[in-house]
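Chemist: Residue numbers (the numbering used here), protein chains in the order written: chain A, 54 to 168; chain B, 37 to 148.
Be careful, since some hints might not be right.
As the list claims (entries may be wrong) - If you anchor each label on the Cβ, the simulated ranges turn out as follows:
no.: 1; chain 1: B; residue 1: Asn48; chain 2: A; residue 2: Leu113; range: 27 to 33 Å
no.: 2; chain 1: A; residue 1: Arg135; chain 2: B; residue 2: Gly77; range: 21 to 27 Å
no.: 3; chain 1: A; residue 1: Lys110; chain 2: B; residue 2: Gln117; range: 23 to 29 Å
no.: 4; chain 1: A; residue 1: Asp56; chain 2: B; residue 2: Glu41; range: 48 to 54 Å
no.: 5; chain 1: B; residue 1: Glu51; chain 2: A; residue 2: Pro92; range: 22 to 28 Å
no.: 6; chain 1: A; residue 1: Leu168; chain 2: B; residue 2: Ser37; range: 32 to 38 Å
no.: 7; chain 1: A; residue 1: Ser133; chain 2: B; residue 2: Glu51; range: 35 to 41 Å
no.: 8; chain 1: B; residue 1: Thr58; chain 2: A; residue 2: Thr118; range: 51 to 57 Å
As the list claims (entries may be wrong) - Taking lysine-lysine and the DSSO-like style, the derived pairs with C-alpha atoms no more than 27 Å apart in a straight line are:
no.: 9; chain 1: B; residue 1: Lys39; chain 2: A; residue 2: Lys110
no.: 10; chain 1: B; residue 1: Lys53; chain 2: A; residue 2: Lys84
no.: 11; chain 1: A; residue 1: Lys84; chain 2: A; residue 2: Lys110
Hint data in this document are derived by calculation from the structure and do not stem from the laboratory. Virtual Cβ for every residue (Gly too), placed ideally from N, Cα, C.
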Amino acid sequence: EADIYQTPRYLVIGTGKKITLECSQTMGHDKMYWYQQDPGMELHLIHYSYGVNSTEKGDLSSESTVSRIRTEHFPLTLESARPSHTSQYLCASSSDFRGGQETQYFGPGTRLLVL
Amino acid sequence: SQKIEQNSEALNIQEGKTATLTCNYTNYSPAYLQWYRQDPGRGPVFLLLIRENEKEKRKERLKVTFDTTLKQSLFHITASQPADSATYLCALRSGSARQLTFGSGTQLTVLP
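Here chain B stands alone, though its shape is the one from the complex:
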């Protein structure tokens, strides 16, 4: 069956370090993969999209990689700040699917 897996445990890192979050998927052939940020009690907010033919995408302190052979995306936040503390969701859509499917998310806490 199709499955999206993100770091099951919460991730705590020290301010200024790089946070790396993982998204693995099985039985998908995604046309693209997205990352969203969700704060407590609020809806997710789109951050980045990476296409199947792209290896890496950057936006300010964010970097996303996409390895379709490993079926994995890595999401990096460099020079992390306490304000980056949130839950980060990956979402993907197969070429044949009509909707996005979301992972369960990884809760990140950046400690001052």
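Isolated chain A (complex conformation):
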């Protein structure tokens, strides 16, 4: 079992509210990622970070923002939630490339419902 945690696991919130999804890992990994996944659909990378104070947007455009102030912590924030943000959000981390290989460890996910 990977040591990567997400809270909350489930969140139901009204339109216009600000939310922060938490992600923490205790493996000392430099790389962290946020994916968005709708039921039965593929993972879409929305943000990633290669280390402290480094964040970049992924392939899927997202209105969310992220920060990486500490190695172990990679929170995702939505300033004003909308029903279109309803989805599952998965956090992952990985270590530096070893021989060019990278394995990602995923958290349990946060299932978000915006009413």
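Given chain A, work out where chain B should sit, using these hints.
Modeler: Just chain B now, kept in the frame of chain A:
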């Protein structure tokens, strides 16, 4: 454009049989390919990695093959069990890319 395709339909097999899942890709030159397992409501879990210069990799009842000419990987589960029921994702990273790209997955159900 780059694309990863997995069996679009769910796969149902009888317990004890071998399950074979397919991952095809286009416009990638992957340095390696990975397979993950995802259970409902949970994050994916890494299973196996195979490098571009490897033809086959095994781990217990799992076997992965990688054919860079066909641009295809096959994932086999031998002596399948109901506990193997899950969605299986393939993921690959090109040599020039900075992140993994995941397929949409194949849902496998092993019937007792």
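Chemist: If a hint holds in the structure, say so; if it doesn't, say that too.
Modeler: Evaluation of the provided hints:
Taken as a hint, the range 27 to 33 Å holds for the pair Asn48/B and Leu113/A, whose Cβ atoms sit roughly 31 Å apart. At about 23 Å, the CB distance of Arg135/A to Gly77/B agrees with the hint of 21 to 27 Å. Judged by the Cβ atoms, the range 23 to 29 Å given for Lys110/A and Gln117/B is violated: they are separated by roughly 41 Å. Our hint of 48 to 54 Å for Asp56/A and Glu41/B is violated, since their Cβ atoms are close to 33 Å apart.
The hinted range of 22 to 28 Å is satisfied by Glu51/B and Pro92/A, whose Cβ atoms lie roughly 26 Å apart. A hinted range of 32 to 38 Å holds for the C-beta pair Leu168/A and Ser37/B, which are about 36 Å apart. Taking the beta carbon of each, Ser133/A and Glu51/B are about 49 Å apart, not inside 35 to 41 Å as hinted. Distance hint check for Thr58/B and Thr118/A: the Cβ-Cβ separation is about 38 Å, which falls outside the suggested range of 51 to 57 Å.
Distance hint between Lys39/B and Lys110/A is fulfilled; the C-alpha atoms sit about 20 Å from each other, no more than 27 Å. Restraint check for Lys53/B and Lys84/A: the C-alpha separation of about 39 Å exceeds 27 Å, so the hint is violated. Proposed proximity of Lys84/A and Lys110/A is supported: the alpha carbons are some 14 Å apart, at most 27 Å.
The earlier numbered hints that this structure contradicts are 3, 4, 7, 8 and 10.
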